[in-house]
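Under the working numbering, the letters of the sequence shown match residues 1 to 565, in that order.
Watch out, some of these pointers could steer you wrong.
Distance condition first, Cα-Cα at most 16 Å in a straight line; then the derived EDC-like pairs of lysine to aspartate or glutamate [as the list claims (entries may be wrong)]:
id, residue 1, residue 2
1, K485, E505
2, K509, D497
3, K404, E437
4, K229, E260
5, K31, E210
6, K31, D6
7, K404, E249
Note that these hints are calculated values from the structure, not bench results.
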Amino acid sequence: LHFELDQARDARVIDAAIEGGPGELPLLGPKAGGTFLRLGPVFYYLQYVSALVFGASPVGMAAIILITSVASIGVFFFLARRIFPDWLALLTTLGFSASEYFVMYGRFAWNPNMLPFFILLGTYALLRSVGGGERYPGRWLAVAAFAFGIATELHFLAFLAVPVFAILFLVYRRPHFRPRAWGVALGLVALLYFPMLLNELATGGANTREFFGAITEKSTKEDHVFSEKLIRSGSEHVLAGLVILTGFEGGTLPSVRTAEGFAITCQGKCDAGKPYGLAMAVFLGLSILAFLSLIWRETEARRRDGFVAIGLWFIITFSLFTPLAYGMAPRFFLLSGPFYFLLAACFLLALARFLPRYRLGRALALVIAVMAVTANLSSLQDRFDELSRASTEAIDSPPDRILKERIRVTLEQQNRIVDFLASRSAERGYPVYMFSEPQHRRALKYLLERRGIENAVLGYDGIYREGVYYLVLRAQSDLEDALRKYRVSYEVGPRTDFGTLVAIELIPKAEAIIGDRQDFTVPKPSDSKAPPRYTWNEYFGRVADNADDEGGLDILEDEANNQSE
1 LHFELDQARD
11 ARVIDAAIEG
21 GPGELPLLGP
31 KAGGTFLRLG
41 PVFYYLQYVS
51 ALVFGASPVG
61 MAAIILITSV
71 ASIGVFFFLA
81 RRIFPDWLAL
91 LTTLGFSASE
101 YFVMYGRFAW
111 NPNMLPFFIL
121 LGTYALLRSV
131 GGGERYPGRW
141 LAVAAFAFGI
151 ATELHFLAFL
161 AVPVFAILFL
171 VYRRPHFRPR
181 AWGVALGLVA
191 LLYFPMLLNE
201 LATGGANTRE
211 FFGAITEKST
221 KEDHVFSEKL
231 IRSGSEHVLA
241 GLVILTGFEG
251 GTLPSVRTAE
261 GFAITCQGKC
271 DAGKPYGLAM
281 AVFLGLSILA
291 FLSLIWRETE
301 ARRRDGFVAI
311 GLWFIITFSL
321 FTPLAYGMAP
331 RFFLLSGPFY
341 FLLAACFLLA
351 LARFLPRYRL
361 GRALALVIAV
371 MAVTANLSSL
381 QDRFDELSRA
391 STEAIDSPPD
401 RILKERIRVT
411 LEQQNRIVDF
421 LASRSAERGY
431 PVYMFSEPQH
441 RRALKYLLER
451 RGIENAVLGY
461 DGIYREGVYY
471 LVLRAQSDLE
481 DALRKYRVSY
491 EVGPRTDFGT
501 LVAIELIPKA
511 EAIIGDRQDF
521 TVPKPSDSKA
531 PPRYTWNEYF
541 GRVADNADDE
551 GGLDILEDEA
561 NNQSE
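Could you put together the complete structure from these sequences and hints?
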């Protein structure tokens, strides 16, 4: 299980609710990446239910992600079958289910990871609601509204893209729903956003101001001209398609500059991976041509609606991603990733129709699909083999275009490290002082605290006589360079290997010690610049003194974040 910085942050929130009851759940959710804007709280509510059912542990909290990930396969099939013949819907679903990209994002707790399920469910339900011949179209509209409402609270870009898709599709179809159906759909969305509304009322709209600030920041921080962003966005979409459809992460495309004269560069690794990137560019180009041909010739309203939905998702997400082209993260494609398979299905369908004799086209489509599935399964086998060896071997992993991991680290491995630190603490009766890279440090700190072990971040609270001091570093990093700054105050002790990570004991020098033992009962001051976030109990019980005070969860989060980011 992948358990790092964000997972530990969210686990603290759920632990507080498990211990204090649902009233300790927050009115706002996690922060959007790189900003102080907070998303809606629905992710925490789903994690809370998951923890109640499957156990209040990192695994139990992540169970809901696994469930929605598996369920998305079924929803994808029903959506694909609505647009394509059954044989092609099955073939496309096979490809989607084997995608290394979606398998990896479906295995750990993170707010964007449920996007594929709710995007697919919302799209399918919306198509059903306007399809004609439905006995209860209003109910399907309600399902679409609820699914899309949840999706908008899972990622900042989904908050922008989903409403645009829904509005444009409804304008295109101009459906005639009863007023009650509209009322129920809008009421469900309002219900989902009710907690955020309460928090905004208590804080004078602080999170709304952060929203507009985030839009300005994300759209203006890049210094590239629009033509460069457009080309880069196209390249990123092609390479994302290569990863999503085949699991192959070694593709590249040339870098294009237009600001000061037209220039194309592609050297070293870029040159080696260029054939794969160009091949995917050709495939996606042919798929787009096939899509345009199919939508132009399609006469059945149900299938045409499906093609329109595919086109809208790509147009909207491409337009939304282009201003961010030079800062695009792999997780962004959780929004549009499933539709790569539907776009590829357009090419396979066109191929089957173009070569109907002896079903040659269908046979070629099957060969292409099997090749893509085999490539994904091979990548998955390599990935899981690395994960299985991560706790015992210092394996060298290739560049990761899915999770952007520098090394493979698992929760099992982290628990082994915590077992070791706990045993060292118990032997001497001392608290643990530990330092590691941020993504590992907060996870290890959380796991130590779950066991009731006094601990602090090494290097920030002074050096005490009573303490167990450890650095937890990447095994293949330059350890001597990392140790250099610590040699002033510490002697370097034994090294204990944990596969891709290594724990190195530090022994304080006498002249560096400032006291016998740290007083952990002294609260640490908060320096958070984020807008306040309240729990249900705080809002209705008026625990906070005024609308400018921090909520209790923010204080808890600040303690966890203290000097760790």
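Please name the hints from earlier in the document that this structure breaks, with their numbers sorted from lowest to highest.
The structure conflicts with hint 2 only, although it agrees with all the remaining ones.
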